[in-house]
Each structure stands twice: as structure tokens, then as C-alpha cells.
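On the provided structure of chain A, position chain B as indicated by the hints.
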Amino acid sequence: MTTTTKQPQTRNWNWSHLQKQAAPYLFVSPFFVLFAVFGLFPIVFSLLLAFSQWDSASGLSTMHWVKPLWSNFQYVLTDPLFATVLKNTFWIAIVSGLPQHLVAIPLAYVLHTQVGRFKHFFTAAFLVPFVTSTVAIALVTTVLFSERNGAVNQLLLWLNNFVLFDPLIPDQTGEGYIQWLFEKEYTKPLVCLLIFWRYFGYNTVLYLTGLQTISNDIYEAAQVDGATRWQQFWHITLPLLRPIAYFTTIGTVVGNLNLFDEVFILFSGPPSGGEEYSAQTIGLYLYNNAFGPNQDMGAAAATSWVLFVIVLLITLITNAVFRRTADPSEA
Amino acid sequence: MTVSLTPPAKNSTLRQKQLGGKILLHLGLTVLALLTLAPLFFMFVLATYDKGQVFSMPVHMWFGDASPLNYQILLEQTNFWRAFWNSTYISIMSVIFTLFFCSLGGYAFAMYEFKGKSVMFSLLLGTVLIPSLLGLVPYYLIMQQIGWVGKPIALYFPGAANAFGIFLMRQYIVSSIPKELMEAARIDGCSEFRIYWNVVLPLLGPVMATLGLTTFIFSWNSFSNALVMLREQETFTLPLVLRSLQGVSNVEWGALLLGTAIATVPLLILFVFTSRQFVSNLTSGAVKG
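These protein sequence lines are chains A and B, in that order.
Those letters in the first sequence? Residues 1 to 331, by UniProt numbering.
Those letters in the second sequence? Residues 1 to 289, by UniProt numbering.
Keep in mind that a hint or two might mislead.
Said to hold, decoys possible - Reference excerpt, derived from the structure (chain A facing chain B, CB under 10 Å, subset only):
1. Phe32
2. His64
3. Pro68
4. Trp70
5. Met297
6. Ala301
As the list claims (entries may be wrong) - Simulated pairs of lysine-lysine, DSS-like, Cα-Cα distance not exceeding 30 Å:
7. A/Lys119 / B/Lys117
8. A/Lys20 / B/Lys51
9. A/Lys184 / A/Lys87
10. B/Lys51 / A/Lys188
11. A/Lys20 / B/Lys22
12. A/Lys188 / A/Lys87
Unchecked claim - The calculated label-pair distances, taken between Cβ atoms and stated as ranges, are:
13. B/Leu268 / A/Pro68: 17 to 25 Å
14. B/Leu268 / A/Asn149: 25 to 33 Å
15. A/Asn161 / B/Val31: 17 to 25 Å
16. B/Leu35 / A/Asn161: 16 to 24 Å
17. A/Lys184 / B/Glu232: 31 to 39 Å
18. B/Met61 / A/Leu26: 30 to 38 Å
19. B/Glu113 / A/Ser215: 28 to 36 Å
20. B/Val265 / A/Leu40: 34 to 42 Å
21. B/Leu24 / A/Ala221: 53 to 61 Å
22. B/Gln18 / A/Leu26: 38 to 46 Å
23. A/Ile214 / B/Gly147: 48 to 56 Å
What the hints contain is simulated information worked out from the structure, not anything from laboratory work.
Every residue gets a Cβ at the ideal spot worked out from N, C-alpha and C, and that includes glycine.
Bound-form chain A, shown alone:
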């Protein structure tokens, strides 16, 4: 190009060259402009807000620093409700998160090694909950788990007929069914069940992709060496799934800590967040602070920064764990 178009290039240098130089920057600018305005600016602003008091209804001019600068944080961190909310969030994150992966990994392995023609059919079926809207799912859950003759309570009552099951079920008579959406012992397990159901298919698909990237040669070599299927799974599949496992773990952790939609709809109350706030998460707490009756934007901003620090810490811990368990033999 440089040799053939020497003449026009010197004449057009300014325009043609300039636009070629500027083009990539122009093309990526929508992302950076939108991120700056709607992503970065809100984050920086929320940092200021976390140290301020502000009546959002009466305009920006009413915003001012709080007296001890850390009092918003102090308010949040000493709020007994925040302690409950923090405990709930972690409880839900662990109890819903761990089983997801314990099911998704073997399930993906089985789908990958044993299922041929119907593999796609099964993965698609498992993905349907992930695709369906949270609102739809939460509303259906409300119906199925309702105290008054909800399908789940009826199923439990029916299981009462079997000797084996009856010690598991708190109610033997069918009177006073479990109040899934109210009683504090049941609200968190219900949320966990919902999240598990919603995301196990998604994680299975991700692990399945991970499995597909593992070359068959490794398995063949292992077979030649006389490794059993179980040994192959334990010593080849699991270690080689580590990069995908890292990705899915981070996804689950960040997603679970940010949990909001589900609990907002299931436990819109009264009482909001279930009996004694037993299912209120950090996300719901934040929302109630900002948009609830108090309209305490400062406390909400402080909450969001506490949440950010927690997410950051857990991401770092996850990083460390995955690095430590790294298999030294892996290239």
C-alpha cells in the first residue's frame, strides 16, 4: 500500500491518515463514555455520598459532610439489622452456592462422557430456569410454597403416609402447614432452593464447556496406563477444570452476595425480609435504606462500599485458594 499509493497519500495524508488513526478510538468510545457516565461516576459519587448526609428529595445543595466523617459507616456497622443481614447473605451464599457446584460438576461430566444425542436437549432443559425471569420464578414459588394448600405442603403431607419420611416432616396432622414464606427457620432454605434450581443448569453448561476443551489424548494415555474411570475423573478431569471452576466460583460468589430480586419479591412483606428479617440480604437492606421510608442515601452508599469490600476480599481469597491448589505438574 505504501509503495503503490505514494502520490495520493502525500496529498490526502491529513484526512486519510488522521481518520485511520482516530477510528479505533472513536469506535471504542461508546463503551468508555457510557461507562464513565453511568458506571464510574456513580461509583466515585457513591464514595462521596458514603461520607455525607443528603436529603435526596430537596436537591443536591442539601448535601453536606457528616460530622464524624465515618458516621454513616458507623451507623451501618453497628446496626443490629446489618449484622443479621450480613449473616443471612453469607448463609444463603454458602448453602445455595456450594451444592450448585457439587451437582454441576458430576452432571456435566456425565453429560459429556455418557450422553450423546440428547446432550443438548438436557442442557437446554436445565437452562430454562436461568432464562426465565426472576419475577416469574419468584411469583410461581410464592404459589407453590404458599402455606395454604401450596403444592409443596401438599406433597409433604402426602409423604407423611410413608413411615420412612414422617420423622422428617414437622407436621403430622396436615394442620398448620409450614409457612415457607414467613417462618424464620424456612425462609433462607427456601431462597437457597430457589437459587440452586435457577443456576445449577447455568453452571453445568459452563463446566461442560470446560470439559470439551480437555483433549481426548490425555484420557487415552491414562487408559493405556490402566487408570479407572474414577481415577481419570479425580486426577485428570478435576484438575483440568480448574480455570472454569475459578470462573464459575467467582460468578456464584459475586452473584450471591449481590442477591436482591428474589428476596425482594418473595419477602416484600409485611414483614419485609421474612420473620425477624430472616431472609433480608445486603442488597435488600441497601435498597430499603435508599428507597424505603428513611431515604437515607448516605447509609445506602456506605452499605454499598461495605459490600464492595466484602466482595473484593472474597474474590482475593478465591484467587489465593485457586492459586494454592494449582497443580504443579500442569503446564
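Using the frame of chain A, we list chain B on its own:
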């Protein structure tokens, strides 16, 4: 020849055993799939019963005949089809802007060499880790300042140029579009934007379909953003309308479930026909990311 007489016999019992295992396995997977789909099945079944019947004993296992009644109640209590249109409009606009911005960005990251490219790309990928709740309050404030609160544009524009879409586009363009094409177009005197618009864009069909579908599905389902941004019944999207039905004192569960079912149908149809593209989109983020 004679030596191989015994192994086939051994093989066939082994094969039978394997076949039995396979059938059992497929049965197990089918049960799991049915369990996964059960709540949606009940959504459709219970949508055909009226308020009193939804919670009757025993649980309904097949469709009833109250859906016309439920439909009437749904139309009385909500502006359902208005919300359906709002959701459609926002989702389509979201798809258009996302495809435009992301293909443009992905194209630049795939085909150009420029100063700061790698830094910009890392920055782009880093934004994925920021929790969405972090800037919620000031985000709302900005929207108030520019007058977008209550407007559909608040729901489709700000998120249009997202890291995931740009990453997906870049991967596709790097692997399937030769750089020589750009050079050829340049020699023909195309401007840089025209190369993108007339030469590259028409070649992006498959990845456009993939990203477009995923964007549509997520936009159709999005709740918390709409909850914070929309105030008037007129502008409500489907999730908001459904949720508002739940808020009243005497909930019409039959009508509510019918609305939920109608809102879910387009999505399920779309997903059934495009699940392959949807899966490939989900996983493309995971493989390299």
C-alpha cells in the same frame, strides 16, 4: 480368526451392561429435567384456575377452564398489553444499541493496532467484576439530572456498550474476518466507518444473532433497574406489572399466574429455537475469561 471367537461374546454382555446403564442414566437425567421444568408446568396449569381453585386440594395436575376469566381480571387490574409493548420496545431498542456499540467496539479491538489498546481492553474486562449495587444511588441521581427517570431510554441505553458483548464480538471478528478485507476496502477508498458498516457488519450475522438473542432475553427479564427507574403505570414493563399485582391486598392468583405465563411464553419460544446460540454465548465468556 479363531482367536476372535470368544471376545465378541464377552463384548456383547459388556455392551448389554453398558446399554442398561445408559438407559438408567438417561432416565435419571429425564427425571431431573422434568423436576427442573415442573414449576413452569405448574405456572401454566394454575393459570387456568380461578382465585379460589388455585389453592385447592389436591394439587391440580392438568389444565382447567378459568383462563378467560383470569384474562378478564388481568385486563381490569392492569394495563397488561401496554406493559407487553413496553417490554418489547425496550428489549428491541436494547438489542439494536447493544449490537451497534458492541460490534463497533469489538471490531476496533480485533482489527486495529492503537496506543493503549491492551490497557483499554483490560479495563473493559475489569468492569465485569464491579458489583451492580455499588453505584445504584448516584446512578439514580444522574438519571434524575438528565431527566431519564421514568423513560424507557434509561433501561436500554446505559448498558448497551457492555464488556461482555464487546468481548464476544472481538473473539468472533478475530477468528473469522481476515484483515486483508480491510486493506482491500481501504485501497478502494472506503473511509474507516464505511469499512465497518459496509464490509464487516454484513459478515457478523451469526454472532449478531447470538448476542442479540441473549440481550433480548436479559432485557425482557430485567427487574431491579426497571423497579428503580420507572414510576408511572403507563411505562411499566412486564415484570413490574406482575409484581404490582402481587402487592394488592386480595391477590388474584389465577390472573397473576396467567400474566406470568403470557409474559414467559415469548421467551420460551425464543429460547427453544435458539438455545444453541444462547449456550455458545454463555460459554464464550467463560473459555477465555
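Outcome of the hint check:
no.: 1; hint: Phe32; result: 7 Å, holds
no.: 2; hint: His64; result: 16 Å, violated
no.: 3; hint: Pro68; result: 21 Å, violated
no.: 4; hint: Trp70; result: 18 Å, violated
no.: 5; hint: Met297; result: 5 Å, holds
no.: 6; hint: Ala301; result: 6 Å, holds
no.: 7; hint: A/Lys119 / B/Lys117; result: 39 Å, violated
no.: 8; hint: A/Lys20 / B/Lys51; result: 65 Å, violated
no.: 9; hint: A/Lys184 / A/Lys87; result: 13 Å, holds
no.: 10; hint: B/Lys51 / A/Lys188; result: 28 Å, holds
no.: 11; hint: A/Lys20 / B/Lys22; result: 59 Å, violated
no.: 12; hint: A/Lys188 / A/Lys87; result: 11 Å, holds
no.: 13; hint: B/Leu268 / A/Pro68: 17 to 25 Å; result: 54 Å, violated
no.: 14; hint: B/Leu268 / A/Asn149: 25 to 33 Å; result: 27 Å, holds
no.: 15; hint: A/Asn161 / B/Val31: 17 to 25 Å; result: 21 Å, holds
no.: 16; hint: B/Leu35 / A/Asn161: 16 to 24 Å; result: 21 Å, holds
no.: 17; hint: A/Lys184 / B/Glu232: 31 to 39 Å; result: 36 Å, holds
no.: 18; hint: B/Met61 / A/Leu26: 30 to 38 Å; result: 59 Å, violated
no.: 19; hint: B/Glu113 / A/Ser215: 28 to 36 Å; result: 32 Å, holds
no.: 20; hint: B/Val265 / A/Leu40: 34 to 42 Å; result: 39 Å, holds
no.: 21; hint: B/Leu24 / A/Ala221: 53 to 61 Å; result: 29 Å, violated
no.: 22; hint: B/Gln18 / A/Leu26: 38 to 46 Å; result: 59 Å, violated
no.: 23; hint: A/Ile214 / B/Gly147: 48 to 56 Å; result: 53 Å, holds
Figure legend: structure checked against the earlier numbered hints; hints not met, in rising order: 2, 3, 4, 7, 8, 11, 13, 18, 21 and 22.
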